[in-house]
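Peer 1: Residues per chain, in single letters:
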Amino acid sequence: MQYPTNIEIIRVPCTGRVDILHLLKALEDGADGVYVVGCEEGDCHYLTGNLKARKRVEYVKKVLEDLAVEQERVAMYNLSAAQGPRFAEVAREFTDIVKGLGPSPFRKPAAKAA
Amino acid sequence: MIIAERKPIEEILEMVRAFKKILIVGCKGCVTVCNAGGRKEVGILASIIRLAREKDQNPIDITEETLERQCDPEYIEQLADTANDYDAILSMACSVGPQFIGARFPEARVFPALNTEFMGGALEHGVWAEFCQGCGDCKIHLFGGFCPIARCSKSLLNGPCGGSSGGKCEISKDVDCVWHLIVEKLMNDGKLDQLTQVKPIKNWSTSRDGGPRKVVREDLKL
Chain A
31 MQYPTNIEII RVPCTGRVDI LHLLKALEDG ADGVYVVGCE EGDCHYLTGN LKARKRVEYV
91 KKVLEDLAVE QERVAMYNLS AAQGPRFAEV AREFTDIVKG LGPSPFRKPA AKAA
Chain B
4 MIIAERKPIE EILEMVRAFK KILIVGCKGC VTVCNAGGRK EVGILASIIR LAREKDQNPI
64 DITEETLERQ CDPEYIEQLA DTANDYDAIL SMACSVGPQF IGARFPEARV FPALNTEFMG
124 GALEHGVWAE FCQGCGDCKI HLFGGFCPIA RCSKSLLNGP CGGSSGGKCE ISKDVDCVWH
184 LIVEKLMNDG KLDQLTQVKP IKNWSTSRDG GPRKVVREDL KL
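Protein chains in written order, with the numbering used here: chain A, 31 to 144; chain B, 4 to 225.
Okay, chain A solo, but in the shape it has when bound (with noise of 0.2 Å):
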């Protein structure tokens, strides 16, 4: 299974352990778009946690748009732990995605000129 290489991960026992401040400290920290990859909903072993991390990621999408940045760069997708294929598809489809925003908005001007 090919998938970009662009991409960092972390993992979490559930993305309802992934926070508002997560998200906003990777795109401090130079990423140009992060997206949360959790189970379906509905199929959350902690019943509500991928349901969380949704509302956090609109959260976040919503600052985005108070600082008139692509609300696309940050992300929810849902898919099951069993679907390895999905998987790689959805980071190349984000990839794709956030290469067509270009750099992010919020990169420091050391790191966009290098």
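No wet-lab data here; the hints were simulated from the structure.
The C-beta atom is built at its ideal place from N, Cα and C for all residues, glycine as well.
Treat the hints with caution; some may be incorrect.
Which chain A residues face chain B? A few, computed with CB under 7 Å, are given here [unchecked claim]:
#1 V93
#2 E95
#3 D96
With chain A fixed as given, assemble chain B onto it according to the hints.
Peer 2: Just chain B now, kept in the frame of chain A:
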């Protein structure tokens, strides 16, 4: 508790536009409980401001701090060593906080990051409603346990107005008519006659109408 909400981002960014080094101070009291100004919200606001300033290529240095509360001088005192090191201090407490900080550190530029709204409680996780207006003369026991001052749009004391329909207040379908609730409760308890008892008119001097208030406990003063 006191319910407050963070101000819109544009308003906060405008407040700190001219500054290079700021302190954001949170509060572990009411605003933590209503998810407006606790340690987590301080972190989120700091991150958002840094992102906005990076985008404008006008970086800002932000220090984050959260006090136990900002409504007691001994907690504000904890800022003494550093308060004057910053171009501005953004307080994420209810409005009492920035006032206390400003009073203790008169040379500091202090800004409120929240809009303080009302005294209330949680209806469900993430939803808070107004239950008390601080009238200073609580008589909810005469109204089946409901407060018509805070929860009636017109603060009526004699019964529902013509705008009560289907148990809702005419101002919004999301607002219950508290008089509907009062009457139903007293009917269920067989105590509807309580509402027919003539009561003296409300003394509003104990409310904000009488001017800014103070409570003094002589037994506690040192």
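Peer 1: Any hints from earlier that this structure breaks? Give me their numbers in increasing order, please.
Peer 2: Hint 2 alone not satisfied by this model.
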